Amino acid sequence: MNQLSQTLERFGGVYLLPVFVALVAFVLIGAPSSWVTLTVAGLAMGMMIFLMASGLSLIFGLMDVLNFGHSAFISFGAFISASALAYMSGWLGSAHIGLNLLAIFLAFSAALAFGLVAGWFFEVVIIKPVYHDHLRQILITMGALIVSEQIILAVWGGSPITVQRPAFLEGSWLFGNVTVEIYRAFAFVLGLAVYIALFLVLKRTRIGLLIRAGVENREMVEALGFRIDRLFVGVFMVGSALAALGGAMWAGYETLITPALGGEMMIVVFIVVIIGGLGSVEGTLLGAIMVGLMANYIGFLAPKLALASNMLLMMAILLWRPSGLKPAVK
Amino acid sequence: MTLLSVNQMKTSIGQYHVLHDVTFDVPEGGVFVLLGRNGAGKTTTLRSIMGLWTPSANSVHFKGEDISGLHASDIARKGIAFVPENMGVFGGLTVEENLVLATAKGKFDATRLKRIYQLFPALEQFWTKQAWSLSGGQKQMLAVARAIIEPRALILIDEPTKGLAPSIIDAMAEAFLEIGETTTILLVEQNFNFAKRLGRDMAVIDDGRIVHTGTMAGFAADTALQEQLLSLSA
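The listed protein sequences derive, respectively, from chains A and B. Going letter by letter, the first sequence gives residues 1 to 330 in my numbering. Going letter by letter, the second sequence gives residues 1 to 234 in my numbering.
Rather than coming from a laboratory, the hints here were simulated on the basis of the structure. Keep in mind that this is a model prediction, so the values were computed, not measured. One or more of the hints may lead you astray.
Unchecked claim - Computed cross-link-like contacts, DSSO-like style, restricted to lysine-lysine with a CA-CA straight-line distance of at most 27 Å:
#	chain 1	residue 1	chain 2	residue 2
1	B	129	A	326
2	A	203	B	129
3	B	63	B	105
4	B	107	A	203
5	B	114	B	78
6	B	129	B	105
7	B	162	B	129
8	A	203	B	114
9	B	105	A	203
10	B	63	B	78
11	B	129	B	107
12	B	114	B	129
13	B	162	B	196
With these hints in hand, go ahead and build the complete structure from the sequences.
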């Protein structure tokens, strides 16, 4: 068993898991075109969930804060982006790709800017007084989530809102029998770009080094001369902004959003953070891709099991690796 | 000249009063050893000096300045380094990254790095390895190297020999003697032979109070006092 484990590690270890799942699904599905469509959909879904979950993982790992209000940023990101896109509907329908790109850039920027500002407010006013007290963190962040949902209801109403997409992201590409939805490909590329940016910041910069060290041992970082509480604010702002961006992308993916969106996504986001391993961006990406792939494959192969697929995946992974697939702390 | 002065320091952790009256002076240069039985308050004393637990007001002076209310990061920037009992190395970071983090500007001073390689050759060998893969002794070397990668006036070291093999303890003693030539060390230790070899001055703490201060040579010669304060048999 040990030898098998070492051999697996040599060939990529847990990173092989999505490949293994995809291969098994290929055999079970049988039709290559359906398999490619489902795989692309799973990867795109995984990348959007990654955006929503990566911030929570860092906040959880670095600050030891259980932020149940994280989904409020997802919801606000989705609604702010949807409103911005509706305001720029003229640009969205334009045949000029530059105007399309500008509209989506501004809509996503609005969601990101909201996430940064609201993240700062949330950390300083709501989270800071309850550091080191998990019970109060749960209570106060749940309370903040309820207030946030009520604000969304008051501003946008309770009816579902249709989200417009830019013309250049509508439709699909056809490769033989294989259909790839353009928005999904876009979501995958954008998610990958954010992952690469996060990876480079964490691995190649001094701030990233401090965050990685802080996830392991906050006290020691302070004993080395750094104010970790200032780092907390920055990480919380970035984590909230990423959640808002993920919400904005998810809104474009679903095209119909309700105030309950954040709450619905929160369960998936927590599952991803737990199976990925706390505080680890690589683990979160791996977990998100696994959840995305499994949801699509099981939804196709055994629709009745689709709702339970995430829970079953989490159970299986935690039985195998209780600390998650790629925890930040060994 | 006194570098660190601890005066009637009291520390509470939650509802427990751990330190009742800790008073001692650490002179500049050499190794000052704080001895005591298990649970006497040695670690709490170091953590209180470092600002990781809050000591009573006006009870810790470093180079004449009151540091008792300062944040740990501010105390570190004044030139005090801390090597905790659990070593505090960052397992997910490489040896190099652990050391880079301890530098003020993210760059190594070539002379100091060379000195570290001489003191702890294993660190050069495992430079790019993640710290979790190091042995206990190598982790301790890394923890000490991190404390001396920048010029520091005082290094607080908590039980560095705990769980280490005798050969590693010997190497560590040599390293501490060399470091002590240029930097003051406040060492908490239970291994009396190790402490005796290094210490110039010393204090004994018991039940949160300093019960004896003096020179290590004097204490080492007085077996009755050792028996009384540390339950050491001759």
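Results of checking the hints against the structure:
1. With a C-alpha separation of about 18 Å, the suggested pairing of residue 129 of chain B with residue 326 of chain A holds against the 27 Å cut-off.
2. Taken as a hint, the residue 203 of chain A and residue 129 of chain B pair is honoured in the structure, with Cα atoms around 15 Å apart against an allowance of 27 Å.
3. Between residue 63 of chain B and residue 105 of chain B the alpha-carbon distance is near 24 Å, which keeps this suggested pair within the 27 Å criterion.
4. Proposed proximity of residue 107 of chain B and residue 203 of chain A is supported: the alpha carbons are some 16 Å apart, at most 27 Å.
5. The suggested pairing of residue 114 of chain B with residue 78 of chain B holds, with an alpha-carbon distance near 24 Å, which does not exceed 27 Å.
6. Between residue 129 of chain B and residue 105 of chain B, the direct Cα distance comes to roughly 22 Å. Compliance with the 27 Å bound is thereby established for this hinted pair.
7. Of the supplied pair hints, the one linking residue 162 of chain B and residue 129 of chain B holds, its CA atoms being roughly 23 Å apart against a limit of 27 Å.
8. Using a Cα cut-off of 27 Å, the hinted pair residue 203 of chain A and residue 114 of chain B holds, with the two alpha carbons roughly 25 Å apart.
9. A hinted pair counts as satisfied when its Cα atoms are at most 27 Å apart, and residue 105 of chain B with residue 203 of chain A qualifies at roughly 17 Å.
10. Of the pairs offered as hints, the one joining residue 63 of chain B and residue 78 of chain B holds, with about 10 Å between alpha carbons and a cut-off of 27 Å not exceeded.
11. Distance restraint check for residue 129 of chain B and residue 107 of chain B: the Cα-Cα separation of roughly 19 Å lies within the 27 Å cut-off, and the hinted pair is therefore satisfied.
12. For the suggested pair residue 114 of chain B and residue 129 of chain B, the alpha carbons sit about 19 Å apart, so the restraint of at most 27 Å is met.
13. At most 27 Å may separate the alpha-carbon atoms for a hinted pair to count; residue 162 of chain B and residue 196 of chain B meet this at roughly 16 Å.
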